[in-house]
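**Q** Spelled out from the first residue to the last, the chains are:
There are 2 protein chains.
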Amino acid sequence: MSRVRVHNLLVSSDGFAAGHHVTMETPFGGAEALVRFFDGRVIHGIGGFAGPVTADHAFFSMWGQGIGAEIMGRRKYGPQYGEWTDDGWMGWWGDAPPFETPVFVLTHHPHETIEFANGTTFRFIEADPAEALRQAREAANGQDVRIGGGPSTVNAFLRAGLVDFLHVVVVPIVLGSGVRIWDDLGGLEQRYAVESVTTASGLTHQLWNRVDRA
Amino acid sequence: MSRVRVHNLLVSSDGFAAGHHVTMETPFGGAEALVRFFDGRVIHGIGGFAGPVTADHAFFSMWGQGIGAEIMGRRKYGPQYGEWTDDGWMGWWGDAPPFETPVFVLTHHPHETIEFANGTTFRFIEADPAEALRQAREAANGQDVRIGGGPSTVNAFLRAGLVDFLHVVVVPIVLGSGVRIWDDLGGLEQRYAVESVTTASGLTHQLWNRVDRA
Chain A
29 MSRVRVHNLL VSSDGFAAGH HVTMETPFGG AEALVRFFDG RVIHGIGGFA
79 GPVTADHAFF SMWGQGIGAE IMGRRKYGPQ YGEWTDDGWM GWWGDAPPFE
129 TPVFVLTHHP HETIEFANGT TFRFIEADPA EALRQAREAA NGQDVRIGGG
179 PSTVNAFLRA GLVDFLHVVV VPIVLGSGVR IWDDLGGLEQ RYAVESVTTA
229 SGLTHQLWNR VDRA
Chain B
29 MSRVRVHNLL VSSDGFAAGH HVTMETPFGG AEALVRFFDG RVIHGIGGFA
79 GPVTADHAFF SMWGQGIGAE IMGRRKYGPQ YGEWTDDGWM GWWGDAPPFE
129 TPVFVLTHHP HETIEFANGT TFRFIEADPA EALRQAREAA NGQDVRIGGG
179 PSTVNAFLRA GLVDFLHVVV VPIVLGSGVR IWDDLGGLEQ RYAVESVTTA
229 SGLTHQLWNR VDRA
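Note that the protein sequences, when read in sequence, are chains A and B.
Just so we're aligned, residue 29 is where the first sequence starts under the working numbering, counting upward by one.
Just so we're aligned, residue 29 is where the second sequence starts under the working numbering, counting upward by one.
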């Protein structure tokens with residue numbers, strides 16, 4: 029059975045997982061301080077880069093393993109609001125987005141599918157979490173589905189009870205404002221077994237595995 | 029520059045990384061108690077198996093990332109001693125050994141190369157660590173080389189100063205006897221930066237990154 033997984037969800041000590049104001053200059057909405065603790069070079073594995081291999085890398089590198097599709101919110105895909113314009117926007121990631129699978133972008137506004145040579149396709153759908161997951165599962169062809177963020181999207185899937193595995197990275201900083209990840213999720217831990225590991229960098233990696241699943 | 033890496037090297041509290049007596053029935057030489065702490069299902073990643081994803085899995089799953097060739101000792105390959113006989117032995121791993129790269133087996137006795145459909149080839153060479161590494165690097169085509177064990181082989185490469193990254197898993201058991209990993213390596217830590225992380229299972233993962241390397 030394919031799992032629904034969340035990876036590398038960076039959360040500040042005060043519970044924020046992104047900033048409020050996503051613009052062309054601030055893809056993380058003003059929460060860039062969070063992202064400094066992340067090493068995007070290892071999401072496909074620890075090969076091919078110079079420098080030490082850290083425990084954080086071990087956790088970060090699980091991101092792509094066995095993933096067949098991603099679901100992301102519109103705010104992760106780009107800074108635009110409302111109807112799509114003909115601005116040529118194809119996401120933040122250039123000609124080779126790192127996903128390399130079908131990616132379902134949740135939006136209320138229709139948009140043509142965008143395909144890349146490396147296997148990434150952006151498909152734009154209006155759907156609630158259950159229906160988005162149904163479509164992503166079909167595309168994933170037996171592999172797992174990643175809920176890619178942003179935090180509002182992860183929160184919606186958690187509230188819908190659809191997340192089997194959640195990798196939270198608690199970052200020891202205080203952001204003060206932003207998008208909260210834990211809203212309306214009181215008691216969530218009762219449905220998960222949680223393992224916590226703290227690394228030399230000061231990050232705490234929490235692995236939440238759902239216990240009420242067959 | 030391609031790195032030389034060791035992964036998932038399980039070591040008991042008393043410094044043993046395998047048993048002495050490798051036989052057909054005891055591939056780990058009597059140190060099977062060590063191996064019980066290892067989950068081989070995740071060496072190619074956390075996809076495709078049921079059950080919780082643990083912090084140990086995050087570390088174990090780095091094994092294959094960016095690896096282009098392995099070097100192993102004869103004792104890892106099989107229980108035989110002396111001249112090879114015509115017994116049809118092709119390693120412990122059946123028709124699809126998990127390596128999926130060229131594997132250089134160190135032996136004093138000549139043996140024909142064995143090829144598998146999944147990309148694994150066993151090539152049998154008589155060479156010191158530096159020469160074995162030269163050949164493995166060439167085969168790895170720019171990717172990293174893994175020193176796959178057993179402990180005598182890892183020890184030889186450590187003594188030769190050839191290991192860039194070493195992932196030790198300290199297992200909280202006392203074996204009492206076996207093959208020691210740390211012999212003749214006094215002060216080794218001075219050439220490495222070491223990060224240690226202990227997980228809920230009681231394992232301590234140590235990541236040794238060489239600091240005297242460009």
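The hints are simulated quantities; they were obtained by calculation from the structure and are not laboratory data.
Positions of the beta carbon are idealized from the N, C-alpha and C atoms, including for glycine.
Where hints are given, some of them may not hold.
[As the list claims (entries may be wrong)] Beta-carbon label-pair distances, calculated as ranges: (1) M52(B) x V202(A): 26 to 36 Å; (2) A61(A) x E53(B): 49 to 59 Å; (3) R64(A) x S229(B): 24 to 34 Å; (4) E111(B) x V63(A): 52 to 62 Å.
[Claimed, not checked] Facing chain B, from chain A, some residues (calculated, C-beta under 8 Å): (5) M52; (6) G68; (7) I71; (8) P80; (9) A86; (10) H139; (11) I142; (12) L231; (13) H233.
[To be verified] Partial list, computed: chain A residues near chain B (C-beta under 10 Å): (14) H48; (15) H49; (16) F185; (17) G230.
**Q** Now tell me if each hint is right for this structure.
**A** Checked hints:
no.	hint	in the structure
1	M52(B) x V202(A): 26 to 36 Å	violated, 59 Å
2	A61(A) x E53(B): 49 to 59 Å	holds, 56 Å
3	R64(A) x S229(B): 24 to 34 Å	holds, 30 Å
4	E111(B) x V63(A): 52 to 62 Å	holds, 59 Å
5	M52	violated, 33 Å
6	G68	violated, 15 Å
7	I71	violated, 11 Å
8	P80	holds, 4 Å
9	A86	holds, 4 Å
10	H139	violated, 29 Å
11	I142	violated, 25 Å
12	L231	violated, 11 Å
13	H233	holds, 7 Å
14	H48	violated, 31 Å
15	H49	violated, 33 Å
16	F185	violated, 17 Å
17	G230	violated, 12 Å
In summary, the structure is inconsistent with hints 1, 5, 6, 7, 10, 11, 12, 14, 15, 16, 17 from the numbered list given earlier, while agreeing with the others.
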